[in-house]
Every structure is written in structure tokens, then in C-alpha cells.
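Colleague: In order, the protein sequences belong to chains C and S.
Per this note's numbering, residue 199 is the first one in the first sequence, and the count goes up by one each step.
Per this note's numbering, residue 145 is the first one in the second sequence, and the count goes up by one each step.
What the hints contain is simulated information worked out from the structure, not anything from laboratory work.
Hints may contain errors.
[To be verified] Using 25 Å as the maximum straight-line C-alpha spacing, the simulated DMTMM-like pairs for lysine to aspartate or glutamate come out as follows:
1) Lys-338/S with Glu-271/S
2) Lys-205/S with Glu-612/C
3) Lys-350/C with Glu-366/C
4) Lys-485/S with Glu-631/C
5) Lys-546/S with Asp-499/S
6) Lys-273/C with Glu-196/S
7) Lys-614/C with Glu-543/S
8) Lys-628/C with Asp-482/S
[Said to hold, decoys possible] Chain C residues, not near chain S, derived (Cβ > 12 Å throughout):
9) His-433
10) Gln-633
11) Tyr-636
All of these numbers come straight from a predicted model, not from anything done at the bench.
No residue lacks a Cβ here, since even glycine has one placed at the ideal position from N, Cα and C.
So you can see what is in the structure, the chains are spelled out below.
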Amino acid sequence: MAEQKDILEEHIFSEYKYGFTSDIDTETAPPGLNEDIVRFISAKKNEPEWMLEYRLKAFRHWKTMEEPRHWPHLKYPEINFQNIIYYAAPKQKATLNSLDEVDPELLATFEKLGISLEEQKRLTGVQSNIAIDAVIDSVSVKTTFKEVLAEKGIIFCSFSEAVQEHPELVKKYMGSVVPYTDNFYSALNSAVFSDGSFCYIPKGVRCPMELSTYFRINTSGTGQFERTLIIADEHAYVSYLEGCTAPMRDENQLHAAVVEIVSHKNAEVKYSTVQNWYPGDKNGKGGVYNFVTKRGICLEENSKISWTQVETGSAITWKYPSVILKGDNSVGEFYSVAVTNNFQQADTGTKMTHIGKNTRSTIISKGISAGQSNNSYRGLVRINKGAKNARNFSQCDSLLMGSKCGAHTFPYIEIKDKSAVVEHEATTSKIGEDQIFYCNQRGIDTEKAIGLIVNGYCKEVFNQLPMEFAVEAQKLLAVSLEGSVG
Amino acid sequence: MTTVEKISASEKLVSDFEAVKKTLPENSFVQNIRQKAIEAFAKLGIPARKNEEYKYSNVQKLFQEDFTQSAIYNPQFTIDKYLIPNLDAHIIVLVNDFYSEELSSLENLDKTVVVSSLKKAFEKYPELVEKHFSKHADISSDAFIALNTAYAADGIFIKVPDNTVVEKPIHIINVISAKENTLFSPRNLFVIGKNAQLQIVETFASIDLTVNVISNSVTEIVVGENARVQYYRVQNENENSQHINTVSASQEKNSHFDTNTVTLSGGWVRNNLNIALNGENCETHLNGLFLANATNYVDNHTLVDHRMPHCESNQTYKGILDGKATGVFNGKIFVQRDAQKTNAYQSSKNILLSDDATINAKPQLEIYADDVKCSHGSSTGKIDEDALFYLQARGLGIESAKKLLLHAFVNDVMQTIRIEALREHLENLIHKKLD
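Isolated chain C (complex conformation) (with noise of 0.2 Å):
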């Protein structure tokens, strides 16, 4: 029990990684929300007037809404927009030509937390698999490899970069999944999101490499907000990779995010997150709000869209990735672990709406709870009429750490069909101590078994993940649970 306990200590005890503050030139709009704000964003990207009238509408709904406060199971104290700084960047030149004019502290940034563009670049022409786009605050800084992809027709830039040059397609699906009236945090995003990344895989390719995005909140007091947009063309296929961190600051700080992910004919787009954001220390002071909306449209027939999270940072993570199975035959999954630790607070899952005939969904939830967090599970399975033959299966395991945490779930199953078959499992238990003592028994010591009972738990979702992403999910893993069991 000793042991047990020093083990606790020294996880509670241990940093966040990657909670560093970085020391760069940034370019900051006044704290506060109000029209001129939002046009002042739009003229900052240069924005054609429909984008600009797009933020404006989204801006003047959001006011007339409420934030979702009743139903997550998620307590904290009241958010004051006003307080918000909606808009920073890192002062550089209009136009990068190499990474050469980058500011040095900028790669440095991104050295530090593993990602070297400067590397990225050397690699060019030789065989290499990750294209990355890097967002700090509230622009995109550097997009690797665009040329790369280019030759394929593929396009993989910022969100702005997209606005100015691919006007058509950015109207064109812009907002055609997640609508600005969606919710509280969909109509702020569309209506001062920042930047994001943007990404078209044309007719009949295959992209070569995983595409992926990293995000990183650095200005004291801003949020970000950033906006996502994919689209896989008929009998494309894109492996989408997304990664965040932010500094360690007492203040909590917002991040609300727009994923879409249009999936044409027999295209496929799997997407997968490892979200660390800065959780907040031990006693729950600071860490950032993960207020998300992301969505995927299975548009015709035998399309997929599948999402894997790991998320393991954030005070608040609300956030469910969704999928809505128009076309027949067409496939969604969702594989998920959550973990959370001390005071952070869950409530993330996913929705399945099925509408055509014969699609089939997967829903795989592992939430480990351990400190004094509640991790919560919620999605919502809905089977319209008409949406024939239709098949779910949902799992949400919950695994508690300790005897001061919560694990819940609300699943919520919705069907007006009648040939649909559908079927939901959970449960929540804590490690078995005759597992534990079996590994005790040959030698593997007690943090090790439960290393090695959670990677167990969590290899179904593991599994889904690209290779690269799979060992650095599973290191995260470790650290976020070091010895977490009471």
C-alpha cells in the first residue's frame, strides 16, 4: 500500500511536458468580442466580402444563444467572452517563401515539442510519411511538404491560404456539416476562428503520407479557434493526424474548434487526435477549456469516416466526434480513450446518425479516470426511418483509479426503424487485483502490470491508430497514469 502510494505522489507530482511559454513576436487583437472585432479578423486575413458576412451571421446568432451548460455532466465557473483574446499571431511577413524567413524562436517551438519543421524540410525528396501543417495561437505558420502533394492534386494548406485560393471549395463545403447554427461553440467558432488547416483529396488518390496538423496555444489569454475542413473525393483515401499542446498558465483558456470532414463515393478519411493540452496543475488551477465540435459526412455511397482519439490534457474536454451515415452502405467509427487525472473533467463521446440503408457504425469508448476527475461518456446512436438494415455496436468500458474519482455513462439510443439492429455494452470496474497479483507473481512489478493492463484495455483503440501516433499515444498513456492506482 506503501508503495502504492509513493507511486501516486510521484505521478501527481509529475510536470506536464510541455508546458513551456515561448518567446515570440506576436501580433494581438484587444481582448473582447463584438462586430468590429470580427471584422477586424476578416480584414487581417484579407478575407473576400461572403467570408466576412459568413462570421458576421454566425457572430449575430451566437449572441442569441445559450451556452450548453444543463446537460454535460461538467462543473466550472462562468466564462466571460469579453475577457478573450480572439486574435493573435506571430508578427512575420506576408508571404513565407522558405523556412529560412521563419523566426527562429518559432522552430524552436516546435523543435522542442518534437516537431522539426527545420528536419521536415532536409527530408524533402527522400522517402518520408508525415506532411505536417503547424497552427501556433491563431495562425498557420508552416505547411510542409505542400509540393509533394500538389503533384497529386492534393491540397494540404492553411485554412486562410484555402479562403484566398480555393474560394470555390471552401464555399462549397464550408459550414455544410457543422452549420454556424449548430451550437454555442460552432457559431463562435465560424465566427472569429483564426486558422486551421484545409485539406482536398481530388478524384481517385490515394494520399501518399499521413497528412497532420499541430496546434499550440501560446499567447497569454487568448483562445484558439481553430477550423478544420477535409474533403475526400469520390474513392479517396487521406489519413489526417492531429496533435496539441499548450503552456502551463494559472488561467483557463479556450479552445473551440471546428472539425469537417466531407467523404464522397467510396472514399475513406480516418482521423486521428492526440489531444494534450495543458490539463492544469494538481489542484485544478488552469488548463484548457476543449470545447469541440467535429463532424464527418459519409455523403454517398460506401464512404467511411472513422475518428480515434486520445485524450489525456485539458481542465474541461467536451467534444464529440460525430458521423452522419447519409449514403448507403457507408461506415462510421469511433475508437476513444479518455483519461483523466486530478481535476480534469470529461464528457466527450460521439454521435451516430444513420440515414441510409445498410450503414453499419462502431463505437469503442475507454475512459480511465483516476485523482479526482470524472470522465464521462455520452453519444448518442439514431437510427432514422428508412435507414434500413442498419447495424451499431457501442462499447464504453470504464476503468477507476482511485476511490475519489467518477466514471459515467449516458448513452443515448435512438430507433425508428425497424430492421435495425443495435446493441450497447458498458461497464466500470477498477484492476483486477488477481490480475495485478499475477503479474506481481512473475516477477513484473506492480507499476509495470498496470502499464500493462491499461495498454491492454486501451489496444483496441491503439490499434487504429497510425503507426507513429500509436507509440506516442502509448508513451502518453504511461506518463498521464504513471502508477495512478489506489
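Based on the hints, put chain S in the right spot on chain C.
Modeller: For chain S alone, coordinates are given in the frame of chain C:
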């Protein structure tokens, strides 16, 4: 042109209370609670669909019409029709919420067992009633509990003393009839003492109902230490009837409580079943079955609150939906910090027979203790095609094969009914219904 703003149904119910209050029994203890309850109701209002607990229940629609609160109308009928064949039981009859001594028959009931109207119980057993009345159904937790607590004129009070076994089941027959739209608010309190045993069967009937009625009932059940209680409710009613039933049970240590809620018919039914496990080693079983067709709406909400360690709870709810019916199962297992070594299980299974039918299931776990085993499962589907084929291959017609499979589907809930006559009666009713 001037427009007169129509006051909302909640506001009307609050303002009507002033008049209704005068017709209700006088007793300072109750009056006090009533006042608090109406204030709680005024605060809560009739829940909108934005309220998570009423997400699928459009209760505001129920209250669109005006309702009177006091039913003075006394229907003429014979009770024989509402008895369960071959069920040897003590009979309690309530007519429009009021206990009818003439129609009830309690000749062979142990004299130490108290059966009385709640109104009389306030006078005769003030200490006991005041100890439990409104203590288990929390007025601040739900608008309809608050509304009932404010409006309830009468209901039944049962007390089984310590160490008493009531051999025969008690059958409570609720009869309602009305000539105009009426809101009924029956209120029951059952107190079962230490080491006592009791079986209750409650049925509902309506006579010549052509108007809209809402019955908003609240039943509080106290299961004493080491007591065994079985509580069966059969809802087989007129399509005009609308029910909001709340049962709040509280269990002391080592007690067993079994409930069965069988809904075979009824226009609009919402059952709230709240069980609080207040002692160690309690066991509770919640079983439910609903068959709905036409435009029926059947909503089962359960809450099992594990407050103490070493308790076990088990839930099985099954539904068959046809026509344009809507079924809801919303179950919550709540395990509090201290309730270590809890075993809790919850299962909701449903079959849809029609494309116009809807099922909404929300099985929930909210767990704050780590050394627990909690799980739930929910499945919805059609009749198993392989099983159907198997039976057809053995010479059964498709219709009878389907029927056989549906009977098999409901069988495990039926088997939990331990009163044979009741089980047979229900099997007959289900048989007819599935035809």
C-alpha cells in the same frame, strides 16, 4: 385589437392551488409541506423537453387543456370485473383517489396490519406518517412529485408491523372515472417494518372515460431492515388515460425489494421508479415489460441510488413496440462515494415490429466509487431471422413462429413474477395483445 396573454399551464396550476387548498384535509403538518411543494413546483414548472429527464416526454403537451382538480363524480360499477382470476388476495379499492371501504375486502388480514386512507392516517398515526410522508419522494427533484405533494387529497396508507408476514398478496385496484378533464393526484405510503414480508399488486382501471384525465401519482415505500417486499404494477388501461407515476422506495439494511412494472396499454404512461439503498447488503430487482401499439407512449425511468456498500441491484426491462408507438427506457445507476463493493446490472432490450414505432433508450451509469462491478447493456432489433427460419423449417407458420418468439422474448421478465395467478393472468393478456 388586444391580445390577452394566456397564462402557462404551470402558472395556472400554481394559481388554482389557492382554491384547491380549501378542499384539502386540514392538518398543519401537511399544509406546511403542501405550501413548500407548490413553491417547489412553481420554481420547477412543467418540464420542457430541454430538461434531460424529459428529453423524450412531451409533458407540456399533456397540460395544454384545462383540468379540474377535484373529482366529485362517483361512478357506479361492480368490482368483480377488475379482479384478477384465481388471485386469492386482500382487496383495496380506490375510487378517484379515495379509499372505498365498502368495495374493499380485508376480512382475513392480520389485525396488526394497518390499512387506511392516508387522510385518516394523518389523524390516527401522526407520528409514523409524519416520519415518512414526503421524506422519500423529494419535492425539489421533480415537478410532478412537487405537484402531487401539493394537490394530493387522499390515497392509501399501509403499515406492516415488525416481524409480520402477510401471507396473501394485497391487491390495490385504482378506479378512475370523470365527466370532465381531470387531474388526479393519488398519494400512497407503505411502511413495511423489520423482518416483515409483503406482496402488493396494483392495477388500474378506468370507467367510461371519454374525457382527458391525467393521473399524477406518487407512492412512497419504506422497506424496513431485513424485510422482503414485492411490488407489482399492471397498467392495462384506456387510451384516453395519461399517467405520470412516481414510486420512491427506500431500503434499510439487508432488505429485499422486487418490483415489476407491466404496461400493456394506456395512452400516455410515464413511470418513474426511484430506489434508494440506504443500508448495507440490500438487494433490489427492477423488472419491466411494455407492449405498446397504436400511438401509445410508454416511458420507464428508473433510478437506483447506491448509497451504502455491499448492495446489489439488477434491472431487466423489455419492450415490444408496434404501430406508431413510442417506448422510452431511461435507467440510471448511481453509485455514491461510499458504496464500495456494489454490484449493479442494467439491461434494456427492445423489439420493433413496425417502421413507425420508435424506441429511445438511455441506460446510464454514474459512478463515484472504484471497487464496484457495474455494467449495462441495451439492444434493439427485429425478430431473429434465423430463429424464425428454424421454426418455419419445423412446420410452424410464420405468424405463429413470430408469436412464439415474442413470448420467449418476454418470458424472462414473466418468470420474475412470483404470484402464479398474476403471472397466468398477464400471460393471457399478453397472448391476446399479441394476436
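Colleague: Now, for every hint given, state plainly whether the structure supports it.
Modeller: Hints, verified against the model:
1. Lys-338/S with Glu-271/S: 17 Å, holds
2. Lys-205/S with Glu-612/C: It holds: about 21 Å lies between the C-alpha atoms, which stays within 25 Å.
3. Lys-350/C with Glu-366/C: Holds, at roughly 20 Å.
4. Lys-485/S with Glu-631/C: 13 Å, holds
5. Lys-546/S with Asp-499/S: 17 Å, holds
6. Lys-273/C with Glu-196/S: 16 Å, holds
7. Lys-614/C with Glu-543/S: 23 Å, holds
8. Lys-628/C with Asp-482/S: 15 Å, holds
9. His-433: Its Cβ never comes within 12 Å of chain S, the nearest being 33 Å, so this holds.
10. Gln-633: Per Cβ check, Gln-633/C is outside 12 Å of chain S; nearest 14 Å; holds.
11. Tyr-636: 18 Å, holds
Of the hints listed earlier, there is not a single one the structure fails to meet.
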